[in-house]
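So the sequence lines, in the order shown, correspond to chains A and B. Last residue of the first sequence: 221 in the numbering used here, with the numbers rising by one and none dropped. Last residue of the second sequence: 291 in the numbering used here, with the numbers rising by one and none dropped.
In case anyone wonders, no lab produced these hints; they're calculated from the structure. None of these values were measured; they are calculated from a predicted model. Keep in mind that the hints are not guaranteed to be accurate.
[To be verified] FRET-style restraints, in silico, Cβ to Cβ:
#	chain 1	residue 1	chain 2	residue 2	range
1	B	ALA105	A	ARG175	17 to 25 Å
2	B	ARG248	A	PRO101	29 to 37 Å
3	A	THR172	B	HIS145	46 to 54 Å
4	B	GLU185	A	ARG83	47 to 55 Å
5	A	TYR45	B	LEU268	46 to 54 Å
6	A	ARG83	B	ASN108	20 to 28 Å
7	B	GLN274	A	THR172	17 to 25 Å
8	B	GLN274	A	ARG182	22 to 30 Å
9	B	GLU41	A	ARG182	15 to 23 Å
10	A	ASP32	B	LEU268	48 to 56 Å
11	B	GLY146	A	PRO183	41 to 49 Å
[As the list claims (entries may be wrong)] The calculated lysine-lysine pairs, modelled on DSSO-like cross-linking and capped at a C-alpha distance of 30 Å, are:
#	chain 1	residue 1	chain 2	residue 2
12	B	LYS220	A	LYS176
13	B	LYS286	A	LYS176
14	A	LYS124	A	LYS80
15	B	LYS217	A	LYS176
16	B	LYS106	B	LYS217
17	B	LYS8	B	LYS98
18	B	LYS286	B	LYS220
Here a beta-carbon is modelled for each residue, glycine too, at the ideal position from N, C-alpha and C.
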Amino acid sequence: MEPDARQPHVPALPVIEGTVSELDPQFKDEVAAHLGGLDLAYCFQCGVCSGSCPTVAWMEYGPRRIMHMVRLGMADKVLRSHDIWFCVSCYSCTARCPQGIEIADVMASLRSLAIAKGLAKDREATFSRVFVEVLERYGRMYEPELLLRYYAAEAGLAGLLRQAGLGLTMLRKGKIALRPERIENTGELGEISVRISEGSRPEPFDYAQDRPVEGEER
Amino acid sequence: MKYAYYPGCSLHASAREYDISWRALCERLGIELVEMEDWSCCGTVHATSVDRLLALALAARNLSIAEAMGLEMAAPCSGCYKNLRTADEALKGDAGLRAKVNASLPRPFEGNTVVRHPLYIILEDIGLDTLADVPRPLHGLRVAPYYGCVLTRPAALHPVDDPEDPQGLDRLLQTLGAEVVPYPAKTKCCGGAVLVSHTDVVLDLTGRLLKQAKEAGAQCLAVACPMCQMALDAYQSQIERRLGERLDLPVLYFTQLMGLALGIDEGQLGLGRLIVSPAKVLARV
Ligand code: SF4
Ligand code: SF4
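From just these sequences and the hints, can you work out the full model?
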């Protein structure tokens, strides 16, 4: 096969700074519990995942190092990292991992742990949160509201204006619904969500202070 | 042949042409679609990023509607299909998880439906033999099949195709008379998950794959997912600007190409709703 120009050159690895005292030995178990099982001891750091990842060029660590950092307990660094939000859930890594690690699902778990603990800073975290809010409101996606709320929260007017041309084209082609579709009983989704959150969400944890986030303890 | 139809949010809005052409196709092929009553959004990757259990519950709510209908489910959006299929497999395989999710649902998930994608419904339940003599074969059309990521990944418990080198869409297009253009990016992700938040990432990924398809000689792409279609079609002018070159590659749903080959009236296929017009390319067929 010809050299693959789509796999970007991986730059020299930066040194990951951190001290042992910042490590959370329970972190890998927390991720495992969240996923319903995971044994990162099987990961032998071959790098097939990072080599297969379409967005590794935008990442600081890439999936291989993220897997190792989880195993080492580098919760703070991993959960604050933008890498987990550049993961586009393509499952290329999962398909190829010789050790059967569910890497893409680990990345998804890390995203939700980052949100739950209030450590997610990436724009995509905001988008995901707004998406779920709109979903729970109507039961179906209503893109105009999703986009307006996302741009209001994150990218501002400039971001919205940058895509104004596309918006008009989509409108002209009838690709934007002018009114939201609702399911009959939108309350049902709210109830599902409340029942799910009762007891299942992890406690927000403040790694800098080494204790649960105040006021949010349950 | 009868299926519980889960259109998903896109097919009711931005991707109505996929809905229209899929319905027209079903009518022609004798497939009966019963749209599920009160289906709700599957949550895509975003709900999973926020809360895995909530995402599973949202999927289970929809699965239980199909179960009550006593039918297999047809989900044309690869994102919905992946979410529903993997949730179905996870809940069938893990009684503890099922109990946890069911505790939140008004109707419990029972585990007696199967989630199918229309491409594989056609390949497996209709069969290519039936399509051997289509009235308007796509002779002379060079098509790049684009599977994207989650149509075939993560591998299903009972895989219907290879996760990294699938053949289903290739075989269908060949049977319809089209010339299938091979190119390595056919299962590379378009990045649709971060389309709004990290648009530049998507423009790079889609730019690479469209360029590759073009260089391989493709005149158009065939897709099976509304997210891929949107990223490749609606964003194509932005991709061209970034690449500094013209692509002009129409991105059609496989249902539209199939409808054409079967001689279904073009007005019933929603071709005019595509943003990069396929008119010039299709005129040569
Ligand atoms: S491919 Fe699997 S074993 Fe190899 S580094 Fe990635 S997670 Fe570890
Ligand atoms: S699932 Fe995420 S981490 Fe894995 S290859 Fe795809 S983008 Fe990279």
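Results for each hint:
1. B:ALA105 / A:ARG175: 17 to 25 Å: Since B:ALA105 and A:ARG175 have Cβ atoms about 49 Å apart, the given range 17 to 25 Å is violated.
2. B:ARG248 / A:PRO101: 29 to 37 Å: Taking Cβ atoms as reference, B:ARG248 and A:PRO101 lie about 35 Å apart, which means the hint holds.
3. A:THR172 / B:HIS145: 46 to 54 Å: At roughly 32 Å between Cβ atoms, B:HIS145 and A:THR172 fall outside 46 to 54 Å, so the hint is violated.
4. B:GLU185 / A:ARG83: 47 to 55 Å: holds (50 Å)
5. A:TYR45 / B:LEU268: 46 to 54 Å: The hinted range 46 to 54 Å holds for A:TYR45 and B:LEU268, with Cβ atoms some 49 Å apart.
6. A:ARG83 / B:ASN108: 20 to 28 Å: violated (35 Å)
7. B:GLN274 / A:THR172: 17 to 25 Å: holds (23 Å)
8. B:GLN274 / A:ARG182: 22 to 30 Å: holds (25 Å)
9. B:GLU41 / A:ARG182: 15 to 23 Å: This hint holds: roughly 19 Å between Cβ atoms.
10. A:ASP32 / B:LEU268: 48 to 56 Å: holds (55 Å)
11. B:GLY146 / A:PRO183: 41 to 49 Å: This hint holds: roughly 43 Å between Cβ atoms.
12. B:LYS220 / A:LYS176: Holds, at about 25 Å.
13. B:LYS286 / A:LYS176: Given that 30 Å is the threshold and the Cα spacing comes to 19 Å, the pair holds.
14. A:LYS124 / A:LYS80: holds (12 Å)
15. B:LYS217 / A:LYS176: Roughly 25 Å separates the two Cα atoms, so the pair holds.
16. B:LYS106 / B:LYS217: With Cα atoms ~46 Å apart, B:LYS106 and B:LYS217 exceed 30 Å; violated.
17. B:LYS8 / B:LYS98: Holds, because 23 Å separates the two Cα atoms, which is no more than 30 Å.
18. B:LYS286 / B:LYS220: Holds - the C-alpha atoms of B:LYS220 and B:LYS286 are around 16 Å apart, at most 30 Å.
Checked against the numbered hints given earlier, the structure breaks hints 1, 3, 6, 16 and satisfies all the rest.
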